[in-house]
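Chemist: Sequence:
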Amino acid sequence: MISLDNEYTIAIVIAAVTVAVAIVLEIVLKVVKNRMRAGQDDYVPTPRYIVLEAIDGPAILMVLLAGGTYAGAFALDHWHSGRDLDTDLAALLRRAGTVGVVAVGAFLATRIGSLLLDWYAEHVASKTSTQLDDQLIPSFKKMLPILVYALAILWALAIFEIEISPLLATLGIGGIAIALAAHPTLSIYFAGTYVISEGEIEPGDFIEIEGGPSGFVEDISWRSTKLRSRFNNLIIIPNSMMSDNMITNYSRPALAMNVIVTGGVSYSSDLQQVEDILMDVAGKIVVESEHAVTETEPRAGFSVFGDSNIDFWVFLQASDRAGCFQLKSQLIKQIHERFNEAGVVINYPIRHLVVDDVPEEEEGAEQEPTAPEQIVEFVRKS
Numbered sequence: 115m116i117s118l119d120n121e122y123t124i125a126i127v128i129a130a131v132t133v134a135v136a137i138v139l140e141i142v143l144k145v146v147k148n149r150m151r152a153g154q155d156d157y158v159p160t161p162r163y164i165v166l167e168a169i170d171g172p173a174i175l176m177v178l179l180a181g182g183t184y185a186g187a188f189a190l191d192h193w194h195s196g197r198d199l200d201t202d203l204a205a206l207l208r209r210a211g212t213v214g215v216v217a218v219g220a221f222l223a224t225r226i227g228s229l230l231l232d233w234y235a236e237h238v239a240s241k242t243s244t245q246l247d248d249q250l251i252p253s254f255k256k257m258l259p260i261l262v263y264a265l266a267i268l269w270a271l272a273i274f275e276i277e278i279s280p281l282l283a284t285l286g287i288g289g290i291a292i293a294l295a296a297h298p299t300l301s302i303y304f305a306g307t308y309v310i311s312e313g314e315i316e317p318g319d320f321i322e323i324e325g326g327p328s329g330f331v332e333d334i335s336w337r338s339t340k341l342r343s344r345f346n347n348l349i350i351i352p353n354s355m356m357s358d359n360m361i362t363n364y365s366r367p368a369l370a371m372n373v374i375v376t377g378g379v380s381y382s383s384d385l386q387q388v389e390d391i392l393m394d395v396a397g398k399i400v401v402e403s404e405h406a407v408t409e410t411e412p413r414a415g416f417s418v419f420g421d422s423n424i425d426f427w428v429f430l431q432a433s434d435r436a437g438c439f440q441l442k443s444q445l446i447k448q449i450h451e452r453f454n455e456a457g458v459v460i461n462y463p464i465r466h467l468v469v470d471d472v473p474e475e476e477e478g479a480e481q482e483p484t485a486p487e488q489i490v491e492f493v494r495k496s
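To convert, count from 1 in the sequence shown and add 114; that's this note's numbering.
FYI, nobody ran anything at the bench for these hints, they're computed from the structure.
If you're wondering where the values come from, they're calculated on a predicted model, not measured in any experiment.
A portion of the hints provided could be inaccurate.
Below, computed lysine to aspartate or glutamate pairings styled on EDC-like, alpha-carbon distance capped at 20 Å [as the list claims (entries may be wrong)]:
(1) Lys255 / Glu275
(2) Lys144 / Asp155
(3) Lys340 / Glu312
(4) Lys241 / Glu316
(5) Lys398 / Asp421
(6) Lys241 / Asp333
(7) Lys255 / Glu277
(8) Lys144 / Asp170
(9) Lys447 / Glu409
(10) Lys144 / Glu167
(11) Lys447 / Asp358
(12) Lys340 / Glu316
(13) Lys442 / Asp421
(14) Lys442 / Asp425
(15) Lys442 / Glu409
(16) Lys447 / Asp421
(17) Lys241 / Glu314
(18) Lys398 / Glu314
(19) Lys442 / Asp358
(20) Lys398 / Glu409
(21) Lys241 / Asp358
(22) Lys256 / Glu277
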């Protein structure tokens with residue numbers, strides 16, 4: 115039978131082996147990291163290196179906690195035997211040590227996740243064409259510790275055999291109450307998720323909200339979208355409004371915008387001459403203006419017989435929204451000038467009134483008194 119002294123010796127051996135394992139693990143981690151760096155001063159850490167760097171320290175602490183707990187519990191088991199104690203110190207030590215390992219593991223998981231998210235944001239997210247990952251990473255970094263530590267606390271309670279079912283039920287009811295109270299905030303948050311994940315609106319785009327403001331997109335966050343109006347004012351729009359209304363994005367699918375100018379010429383005009391003038395003016399503007407898209411041919415034609423004029427249209431394409439206004443102004447000015455030179459008339463609204471001939475009354479026929487005459491006669495008689 116093993117004596118009590120030998121049991122303590124075994125506990126000491128376990129503790130010594132634990133320390134040795136921790137030292138070896140530390141040496142192995144340093145050697146592997148040095149080989150990965152290969153003596154480079156400007157070494158760019160890889161995800162594998164980041165994980166090794168993160169576990170250097172917490173992993174060794176977990177080994178020491180686990181080994182120390184086992185050695186101490188082994189010794190306490192035999193120290194406790196033969197003594198009339200109400201508390202099982204060995205079991206208490208095992209639970210406390212296990213909770214310590216869980217706590218360090220939660221810290222390690224949070225640390226690894228945070229470092230990997232930072233690496234992704236720096237080396238991957240900045241090179242992608244979408245802003246979705248750039249917007250998601252900060253939220254993930256905030257939610258990760260909350261989730262990990264919440265699970266660690268529940269695990270610790272279970273280790274100490276504390277009933278967590280009532281706690282989970284309370285958390286569920288509290289979560290429903292919080293969700294109802296925070297409904298406006300949550301709706302804005304999920305609307306922001308929708309706006310960002312769609313990827314149809316990005317900073318720099320010019321958008322217009324149906325029945326609302328318009329402007330250049332400055333920033334898109336989880337809560338709001340910021341626009342810079344044409345008057346250089348900052349407009350902050352809740353994302354719930356962005357998701358509930360129709361939005362026209364003038365920068366998609368391309369920056370180029372169609373420019374259409376309409377007007378009308380008199381019915382006496384030579385329509386072929388008018389069309390030639392329109393095409394000539396539009397063609398010169400496309401060649402001379404820096405705002406015009408030269409790859410798109412200008413077009414012109416007639417659309418409808420109007421009340422006073424025959425309506426025409428002229429089409430060309432501007433390079434962007436700002437150029438659209440410039441081209442439209444140039445078109446109107448030059449068309450007006452060329453029409454004046456060619457004698458082409460743009461009529462004002464004209465109405466022709468047709469009045470039927472009234473037959474002459476027979477001579478001597480009795481005329482019905484007018485309304486004013488009837489009123490005067492009534493007053494005179496009364």
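Chemist: For each hint, tell me whether it holds in the structure or not.
Modeler: Comparing the hints with the structure gives:
1. Lys255 / Glu275: violated (31 Å)
2. Lys144 / Asp155: The given pair, whose Cα atoms are some 16 Å apart, holds under the 20 Å limit.
3. Lys340 / Glu312: holds (17 Å)
4. Lys241 / Glu316: holds (15 Å)
5. Lys398 / Asp421: Distance ~31 Å between Lys398 and Asp421 Cα, so the pair is violated.
6. Lys241 / Asp333: Holds, because 18 Å separates the two Cα atoms, which is no more than 20 Å.
7. Lys255 / Glu277: violated (30 Å)
8. Lys144 / Asp170: holds (8 Å)
9. Lys447 / Glu409: violated (23 Å)
10. Lys144 / Glu167: holds (9 Å)
11. Lys447 / Asp358: violated (40 Å)
12. Lys340 / Glu316: Roughly 11 Å between the alpha carbons, so the hint for Lys340 and Glu316 holds.
13. Lys442 / Asp421: violated (25 Å)
14. Lys442 / Asp425: With Cα atoms ~17 Å apart, Lys442 and Asp425 stay inside 20 Å; holds.
15. Lys442 / Glu409: Status holds; Cα separation ~18 Å.
16. Lys447 / Asp421: Not OK: Lys447 and Asp421 at ~24 Å, beyond 20 Å, violated.
17. Lys241 / Glu314: Satisfied, since the Cα-Cα distance of roughly 18 Å is no more than 20 Å.
18. Lys398 / Glu314: violated (35 Å)
19. Lys442 / Asp358: violated (33 Å)
20. Lys398 / Glu409: holds (14 Å)
21. Lys241 / Asp358: violated (31 Å)
22. Lys256 / Glu277: violated (28 Å)
Checked against the numbered hints above, the structure breaks hints 1, 5, 7, 9, 11, 13, 16, 18, 19, 21, 22 and satisfies the rest.
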